[in-house]
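2 protein chains.
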Amino acid sequence: MDQTTPVPPNCLAGIKVLDLTQFEAGTTCTEALAWMGADVVKIENPDGGEAGRRGVADPYYFMIYNANKRSVTVDLKSERGLALVKEMAKKADVFTENFGPGTIEKLGLGYDVISALNPRIIYAQVKGFGEGSPYEKGLCFDPIAQAVGGAMSITGERDRPPQKPGPTIGDTGTGMLLAFSILAALYQRNTTGKGRQLQAAMQDSVMHYSRGMFIRQAQTKKAAQRQPGSGNNIPSGIFPCKPGGPNDYVYMLTSRANPQHWPRLLKLIGREDLIGDPRYDTPAARLEREAEVNEMVSEWTRQRSKEEATALISGAGVPAGAVFDSMELTNEESFWKRGILQTMHHGDWQMPMTTWPVRFDGAPAPLKPAPLLGEHTTEALGEWLGLSPEDVAKLHKDGVV
Amino acid sequence: MDQTTPVPPNCLAGIKVLDLTQFEAGTTCTEALAWMGADVVKIENPDGGEAGRRGVADPYYFMIYNANKRSVTVDLKSERGLALVKEMAKKADVFTENFGPGTIEKLGLGYDVISALNPRIIYAQVKGFGEGSPYEKGLCFDPIAQAVGGAMSITGERDRPPQKPGPTIGDTGTGMLLAFSILAALYQRNTTGKGRQLQAAMQDSVMHYSRGMFIRQAQTKKAAQRQPGSGNNIPSGIFPCKPGGPNDYVYMLTSRANPQHWPRLLKLIGREDLIGDPRYDTPAARLEREAEVNEMVSEWTRQRSKEEATALISGAGVPAGAVFDSMELTNEESFWKRGILQTMHHGDWQMPMTTWPVRFDGAPAPLKPAPLLGEHTTEALGEWLGLSPEDVAKLHKDGVV
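Residue numbers (our numbering), protein chains in the order written: chain A, 4 to 404; chain B, 4 to 404.
Check the hints yourself; a few may be wrong.
[Said to hold, decoys possible] Pairs of lysine-lysine residues, derived as DSS-like cross-links and limited to a Cα-Cα distance of at most 25 Å, are as follows:
| hint | chain 1 | residue 1 | chain 2 | residue 2 |
| --- | --- | --- | --- | --- |
| 1 | A | K224 | B | K340 |
| 2 | A | K245 | A | K224 |
| 3 | B | K93 | B | K109 |
| 4 | B | K140 | A | K270 |
| 5 | B | K340 | A | K225 |
| 6 | A | K340 | B | K225 |
| 7 | A | K371 | A | K340 |
| 8 | A | K340 | B | K140 |
| 9 | A | K397 | A | K80 |
Hints in this document: simulated from the structure, not taken from any laboratory.
Make a model of the complete structure from these sequences and hints.
Below is the structure:
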């Protein structure tokens with residue numbers, strides 16, 4: 004395969020986003036808008052920038068969640084800085100923030116203020132808990148949202164403690180739902196000419212990604228349990244492979260809905276003698292002999308690498324996939340050729356990172372660096388507000404930007 | 004708090020979605036569009052409907068992923084049925100599908116066909132693996148996407164096997180990214196008048212939600228490991244509470260970035276004597292005594308319920324959240340008052356389900372039932388194509404719809 008050349012999707016060209024987000028839940032929302040071509044301008048504290056830049060030895064965290072944006076420093080605690088951001092709000096299509104409860108209002112940039120300045124603006128917020136929740140004043144971080152949103156209760160081994168899902172459902176998960184909602188509101192504005200106020204709560208968002216638990220609860224009338232495999236489909240789940248490293252496993256799934264999976268698997272592992280054997284032939288029978296069935300399959304998988312096992316099992320017509328770790332994915336050449344992995348450069352730093360996973364007309368989006376602190380202060384204040392470089396230099400000298 | 008009255012966001016009023024999706028990855032995408040007010044018409048096989056309705060004893064799975072849509076039955080294998088769907092494609096703004104690789108082309112509804120009929124259409128597909136991936140011909144299901152996309156490798160206990168995250172990142176996660184991309188393309192169409200072809204791969208989408216692993220990899224130059232707690236922040240993670248049920252845990256996080264967390268926690272658990280003690284005073288020192296520190300905290304949490312522990316720990320200024328299960332969330336009255344949980348009715352069935360988690364102008368969206376099979380065949384074919392009830396009755400008699 005040839006290298007796929009990245010092409011900007013350019014869908015949101017001309018859309019201005021005034022971005023006061025920090026850490027991950029808010030920054031991933033505006034990063035998604037930036038992938039689509041919006042002009043996302045991060046407003047950052049001149050003293051160290053947004054919280055995600057600070058208190059860490061390296062910029063990797065900041066880099067991965069702030070691709071394709073511009074950075075403008077403004078001291079929001081200064082009167083002139085605040086006035087400047089209000090002028091920007093008059094020009095913006097979207098305003099976003101994810102400070103702790105009450106903070107944006109204390110800064111003087113609450114919904115009432117901003118929507119009065121610009122009735123066309125989409126004002127979008129991430130909070131940990133929704134208004135009206137008993138926890139609405141509480142701080143939230145990704146793992147806390149995953150605890151209180153039900154995700155942990157359905158993750159982990161049976162008969163062992165709940166676990167935190169590694170993917171950041173509370174942060175990136177929430178960011179994606181808010182980004183979608185912002186575009187819906189922007190689309191509507193073409194007809195109505197009016198802005199809207201949007202609020203996403205991290206707890207509610209985690210429940211959205213976890214709502215399969217309500218299916219199992221409706222079926223059993225009990226709280227959904229942890230199901231490491233695929234429900235009552237036996238065998239399903241992860242099986243150990245050689246050489247036995249921490250991620251040397253293959254996931255496979257013999258589905259109750261497809262009675263061919265089990266005999267296909269038996270044939271593959273050299274146990275044709277058991278095809279049709281009533282001790283194993285129905286999903287219910289295998290469920291009763293779960294440990295025995297799993298061991299039978301494991302005996303075969305342990306003798307193969309996960310790549311080999313995956314190829315053989317899928318080749319036999321049974322769904323399977325290897326458990327890949329971050330390094331294996333990084334070393335998989337096809338992600339680079341397809342433009343799904345690209346190199347993020349940021350000053351002297353660099354790292355591989357995933358690009359927007361949806362292709363437009365076959366092409367991935369090109370990656371632009373996450374901005375250095377204040378990198379675009381002069382440029383963006385010029386473009387948005389018509390300030391001259393001299394104006395900006397004066398503001399800088401006065402400690403406003 | 005008063006009950007919050009649901010109000011339709013109505014952002015996509017007038018947008019027609021021709022929906023050929025099945026199971027979860029595709030159906031959640033079009034469900035999101037339906038929450039925003041698009042007219043989503045599911046095209047279903049008259050013989051049992053889409054795959055998510057079949058082979059299961061109850062309709063809960065179908066109900067939760069198909070809210071607010073309409074259902075039209077069409078036999079795509081019949082010439083007249085296929086022609087009917089092509090007529091609908093001429094009227095549609097969005098076309099969506101997530102069949103296995105090659106299926107939609109075999110049906111005669113590939114991108115080339117549909118875009119020639121309607122150059123303004125947004126043609127959106129979910130595939131398991133991207134074009135150009137070594138696995139591009141492979142079938143995919145949520146847990147397989149979570150295995151091959153890296154999510155399992157970063158989920159689970161240290162020194163134990165990888166685990167499948169309970170939230171369906173591979174399915175709903177992919178659906179959300181595609182839904183966002185569809186709206187970006189629709190927005191762009193207002194200017195260009197042209198449609199676009201969108202493809203989301205489940206593997207790539209899982210990597211997007213898991214991309215925090217590339218941060219840890221960049222820092223350590225090794226594959227990201229499973230981190231049940233919050234990195235090197237000790238104590239962090241889940242701690243056992245009484246009465247010791249499967250989800251009686253509290254998640255807490257003492258952050259390296261906030262040196263006040265640890266002394267606050269010591270004070271709370273009655274160990275002020277250790278404040279300032281160099282054996283525990285720095286994150287590095289606590290990391291060396293991790294097991295001892297965790298046990299000290301667990302001894303305190305074990306004597307309290309998770310609700311009590313959460314209230315006390317957050318009250319002391321340390322981030323914390325209880326591990327809630329699906330039943331506890333269902334029984335939490337504020338979700339019902341806030342309209343985040345609503346009751347889905349579907350024929351004689353009903354169940355609690357989560358509604359769209361982003362509020363528009365303070366209101367949640369109202370829930371309409373997932374359609375019964377073919378419930379809207381007459382109505383929707385009338386509205387989209389101007390067919391009379393008699394026309395539709397004739398098509399039905401001929402086995403076309």
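So, going through the hints one by one against the coordinates:
1. K224(A) <-> K340(B): holds, 22 Å
2. K245(A) <-> K224(A): Roughly 40 Å between the alpha carbons, so the hint for K245(A) and K224(A) is violated.
3. K93(B) <-> K109(B): Since the Cα atoms of K93(B) and K109(B) sit roughly 20 Å apart, the hinted pair holds (cutoff 25 Å).
4. K140(B) <-> K270(A): holds, 22 Å
5. K340(B) <-> K225(A): Holds, because 22 Å separates the two Cα atoms, which is no more than 25 Å.
6. K340(A) <-> K225(B): Cα-Cα ~22 Å, so holds.
7. K371(A) <-> K340(A): holds, 17 Å
8. K340(A) <-> K140(B): holds, 18 Å
9. K397(A) <-> K80(A): Roughly 18 Å separates the two Cα atoms, so the pair holds.
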